[in-house]
Amino acid sequence: MVKNLTLFLIPVISSLGCVDEFDFDSGHETPRLVIEGQITTAPGPYTVKITQSRAFSSTDGTGFVPVKEAIVEISDNAGNKETLTPSGTGLDLVYKTSSSGIRGDAGKSYTLTVTIDGNTYQSIPQKIEPAGKIFDLRAAYMTEGMPEFGDYFDIRIDTEDNPDNRKYYRWDWTGTYEIHTEWWRYCENHCCTCLIPPPDCCSVCWVNTFSRDITIADSQTSRLSDFSIAKVDVNSFTFYMKHHLKVNQYSISKDVYAFWDSAKEQIEKTGSIFDNAPSSVKGNIYHIADSTERVLGVFSASDIVSREFFFDNDQITRQLTRPKWFDDCQNIENSTTEKPEFWD
Amino acid sequence: MDRFHLAFILVVALCPSIFGQPSGKKYYKYPASTSNLLDEIKKIEKEQGLNFFYLGDWLSGIPVHPSTRVESITRFLQNHLEGTQMSFFPTGENSIVLYKNPTYDKMIDRVEARSVNDNHVSTIGDRTLFKPGDTVTLSGRIRNATKDAFLQGASVNLKDSEINVNTDQYGNYSMDILSGEHTVEISYVGLNKEEREILILSDGNLDVDLFEDPIQLEIITIEGDMMESAIDGLIPGKTSFNLNLIKKTPALLGRPDLMNSISRLPGVADTGEGSSGFNVRGGAPDQNLVLVDDVPVFNVSHLFGFFSTFSADVLQRAELYKGGIPANYGGRASSVLDISLKTGNDEKFKAGGSAGPIDASFNMEGPLKKGQTSYSVGGRLSYIDWLLKKYKNTDVRHSTAGFYDTSIKVSHKFSDRDVLSFSAYRSYDSFRFALDTTYSWETTLFSGKYQHSFRNNLHVSLTAYTSAYKFNTASNKIYHDFRLDNRIDYQGIKSTIYYSVARHNLQTGLSLISYDFSIGQLRPTSNTSNVTRISPEPEESSETHVFINDEYVVNDAISLMAGINFSIYKRKGPNHIYVYREGAQRVEENIIDTVFYNEKSTIADYMGFEPRFSIKYNLSQNTNIKIGYGNMNQYLHQLSNTAGITPVDIWKPSNGYIRPIRSRLLSLGIFSRAGKGIAGSFEVFYKKLDNVIDYKEGASILLNETLEADIVAGNSRAYGAEIYLERTTDRLSSSLSYTYSRSERIMNGAHPDEIINDGKYYPSNFDRPHNLNLLSNFKFSRRWNISANFQYLSGRPFTAPSSKYKIESFLITDFTQRNSDRLPDYHRLDVSITLETNLKKKKPWESSWIFSLFNVYGRKNIYSVFYTKASDLSISAKKVSILGTIFPSVTYNFKI
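Line order of the protein sequences matches chains W and X. Residue 344, in the working numbering, is where the first sequence stops; the numbers in between run on with no holes. Residue 896, in the working numbering, is where the second sequence stops; the numbers in between run on with no holes.
Because the hints were derived from the structure by calculation, they are not lab data. A portion of the hints provided could be inaccurate.
Claimed, not checked - Pairs of lysine-lysine, DSS-like flavour, derived with a Cα cap of 25 Å: (1) X:Lys878 with X:Lys193; (2) W:Lys282 with W:Lys133; (3) W:Lys324 with W:Lys339; (4) X:Lys806 with W:Lys96; (5) X:Lys878 with W:Lys264; (6) X:Lys696 with W:Lys264; (7) W:Lys324 with W:Lys127; (8) W:Lys264 with W:Lys246; (9) W:Lys96 with W:Lys68; (10) W:Lys264 with X:Lys477; (11) W:Lys282 with W:Lys264; (12) W:Lys254 with W:Lys264; (13) X:Lys389 with X:Lys350; (14) W:Lys254 with X:Lys676; (15) X:Lys878 with W:Lys282; (16) X:Lys806 with W:Lys264; (17) X:Lys477 with W:Lys282; (18) X:Lys193 with W:Lys231; (19) X:Lys676 with W:Lys282; (20) X:Lys878 with W:Lys254.
Just need the whole structure built from these sequences, with the hints factored in.
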């Protein structure tokens, strides 16, 4: 009997399970209004951007065209208000407060009102809760297997952690590193030979990097001490010398948290059968006269606390070579030759 | 010698060939104008080919009044001879003797004389009590002789009349019939039919053994039996599965499966490849009550729905009710799948098993003490990882999966009247997706059952059980490692009294079940995890059901089932319950208080009064109409907002905010056998459900303390028409099942976020209008047969992306209204060839091979749509087909 069991054949299979592009007709959807704005306790000016959505299947690169001639106003529950003025042209058109104008104040509630062609759109009032304190910020060097194959600094934060008082946070960060080019290796091709003149300019720059992910948490479901908020890549550019990092912690309301939470869920989908059924991201802005009209986007009012620190490369266990950059260092994205104030 | 006796002797002496001639049931159609019995009997003789023996002047004075009725001949004679001193006596199938005060002994002698030459005829009862024309009770017990187990639901059919009864749980039946000669036909799906000719003189007993035949020429006709039970049974929408047949139909990876057979029925749809459960008449998968030896189970699927957790080898019986559900079942809104584990053979050791590309199974049974104690053990284990490695998708390739199920049943007979049995069953699944997330789910149940017969027609059974369903998710993602545990523990007892008398078959009883839900226990699994520990309060609830159900054969034409299931539900403390501002939208901001209920207090309670009703009306012997109506209440809810239903979706007991689902189902069907092996049915149904739950846009179901704020309750309706046709010949049998049905929901709450799709009806996830199944089985020799199965299903509704927009640097997608688009239709052809065991009488074991091709034309049916990041960081839609290619496999089965 046992002997017989060994007889069963293993079928020959070439390939299984396929994942293909799924095309369906959804180009008929009419564009919707998209509103994005923020006020904080940090000094202004604050900007509000108004655009329109595009069909899911559209692939041309025209971008999201801003809506002109909107009347945009931010007001608080104490009777202060300010009408924003348009600034910039073309795709860069935004509405701005004046730098001496309205400013967020913890404890007050703020409302964004947008009027376009006589239709008024308004946000749910956003109360600014205190953003608490950042007690500590540090970087832990992490490797996944061999450091050469993947290492990074994991940025951890200790902040107010009171699970009984549910608070919602969002973080972003800016990293800065210094680069010294090997300008003497700069080379230009002049038919068949490489001439070696010096580059036009600049061998020392400071380069900024920004957070690319949506980082949010609520104090009830996450432990906010030693909480990981960012990963900073390690390479010969970023860590040939020391690295500076500034983290902003924003208090946000429950509906803004919900907005970013579902945006994050959508953006960071793993593409598995366990994903939640896809859903639209619900914003906090409504058409006053017609609550069934869907308006996209979010308006937030936040308190900000920040913390910054330097961390150097002595934790890194592998040898980093001098960055192979021979050209003008200003050609690196987000770089400047101006030494930041905090750099010593 | 008077004319009567002369005639009688002539019949017996000269026309012996008349006996035993097959004939269908005879019918009498009433005349259009007043006539007399003599003329009518002459008419019957002429039209129906029957022979009557009588003296003409006895009958001419008896009037027959005009009517549009149609009756069986026996019923017609009974009606008209009542009170006339006369009686009648069927002898053989084609002759009826009418008499006044005959000499009974002589009659019996004659018939018995004939019986000697024909050992098929058995004499039952006491000849001293014999009185022709008397109603006597024939009772007995039907046994599966191969397994030595009494058969529940075997059909006992009196061939010359409309009388047809089913055996109860203990294999007992009882029927009231006229004394005289009859042919009794005993059948049970999967076993050889038996026909007995009897001469019944007074109340008496007829026990019959039915046999399994390992090589049955008519094996392919058994699907016909399945239909036969559907036609002859009283309940519309009830199907008894033939477990032998299930083993022979083509299936995924050569693994025949109960779930496969279930989803081939009209009105039933698979939830989808890779999604658990099945949908009955537009109902959600959580609305199916699945019972294993009377114990409800929460999960029926291995590997997210590819296989059922019950291997056909360890089952004794499986019945699906999709309508007309008897009152002894309660607790779910759509259907009942009642499964019994096999009772072991108490005389002989037997074993069997199979091995295929992804799993192997083994089962054995035998006596622990001959004739008294038996066991049956079975199990199945998978080895599927090699298959996942063949996938191109990296996530799937790095996934691992494994499952097993095992069961044991020990049964002890204290006496013919007392049986005690214990069952244990466990199924386990684990699936690690990509490298970091593991999902696992498991069912463990223990049950004990005691059955006692007081008399042949009075029995009682008592079942007690304890069971647990656990489902977990674990992640080992660095800094986010966690374990999320959910479990449902439940205990219950069920006691039923079975009593049959005259034409009634009564069941009454009580069932109690108490649940302990511990859902969403989250904990970090390392010190470096950012995940916090969450321990929601466990939730307790209980259900009590009291029921009474009667099946009543009113007359030859009409049978009724009527019953009531009365239920009391309690959601008990200790719990803290949020109180929302009266009339306000249920959102966290509107929580005004938290009330503590201690363990003695009731948080919410509901009652359910569920009438159930079925009627069968025979238009003729071969055609009947059935109507079924039933109310059902469901106190548990499965909540999911993933693309497919997965076994790790949470369950929630009803509370003050989540009300029980209440369903009403009306179905109407016509069932018919047309001769030449053709049978068919046509049914229509309408189902309405209140308090069904859907999720709000973007809701998260997991770890949600204020779940009531993220769900909406509304109503649902489903309606449709189902056609089933089959034709069975000696070699070829084919069936067609087609359903057109709709399943829709409406969510139109008081607050804006409680309105879905503008408060209009929208398709539910299970709305698949067209559902077609074709199955054909051709036996080209005693050992070889080939079968093919084609399935076509409308695509599942889904919510499609409609537009995109940018906030900060993030591209976000906007979706259309819920379920307003549909995936492409699903269709597939499978073929399998079975080589049966060799025909030698002496062989060490029986074995068979199944060669199967799944998805013959390699259609890439879409299981799911998901979204990935495109180069511009927007999302792009991808479709996944899980078995999008032809899949050959070989399975070996053996039996000793």
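Verification of the hints:
{"no.": "1", "hint": "X:Lys878 with X:Lys193", "result": "violated, 53 Å"}
{"no.": "2", "hint": "W:Lys282 with W:Lys133", "result": "violated, 29 Å"}
{"no.": "3", "hint": "W:Lys324 with W:Lys339", "result": "holds, 21 Å"}
{"no.": "4", "hint": "X:Lys806 with W:Lys96", "result": "holds, 18 Å"}
{"no.": "5", "hint": "X:Lys878 with W:Lys264", "result": "holds, 19 Å"}
{"no.": "6", "hint": "X:Lys696 with W:Lys264", "result": "holds, 18 Å"}
{"no.": "7", "hint": "W:Lys324 with W:Lys127", "result": "violated, 49 Å"}
{"no.": "8", "hint": "W:Lys264 with W:Lys246", "result": "holds, 22 Å"}
{"no.": "9", "hint": "W:Lys96 with W:Lys68", "result": "holds, 13 Å"}
{"no.": "10", "hint": "W:Lys264 with X:Lys477", "result": "holds, 17 Å"}
{"no.": "11", "hint": "W:Lys282 with W:Lys264", "result": "holds, 12 Å"}
{"no.": "12", "hint": "W:Lys254 with W:Lys264", "result": "holds, 15 Å"}
{"no.": "13", "hint": "X:Lys389 with X:Lys350", "result": "violated, 37 Å"}
{"no.": "14", "hint": "W:Lys254 with X:Lys676", "result": "violated, 70 Å"}
{"no.": "15", "hint": "X:Lys878 with W:Lys282", "result": "holds, 23 Å"}
{"no.": "16", "hint": "X:Lys806 with W:Lys264", "result": "holds, 13 Å"}
{"no.": "17", "hint": "X:Lys477 with W:Lys282", "result": "violated, 28 Å"}
{"no.": "18", "hint": "X:Lys193 with W:Lys231", "result": "violated, 73 Å"}
{"no.": "19", "hint": "X:Lys676 with W:Lys282", "result": "violated, 62 Å"}
{"no.": "20", "hint": "X:Lys878 with W:Lys254", "result": "violated, 32 Å"}
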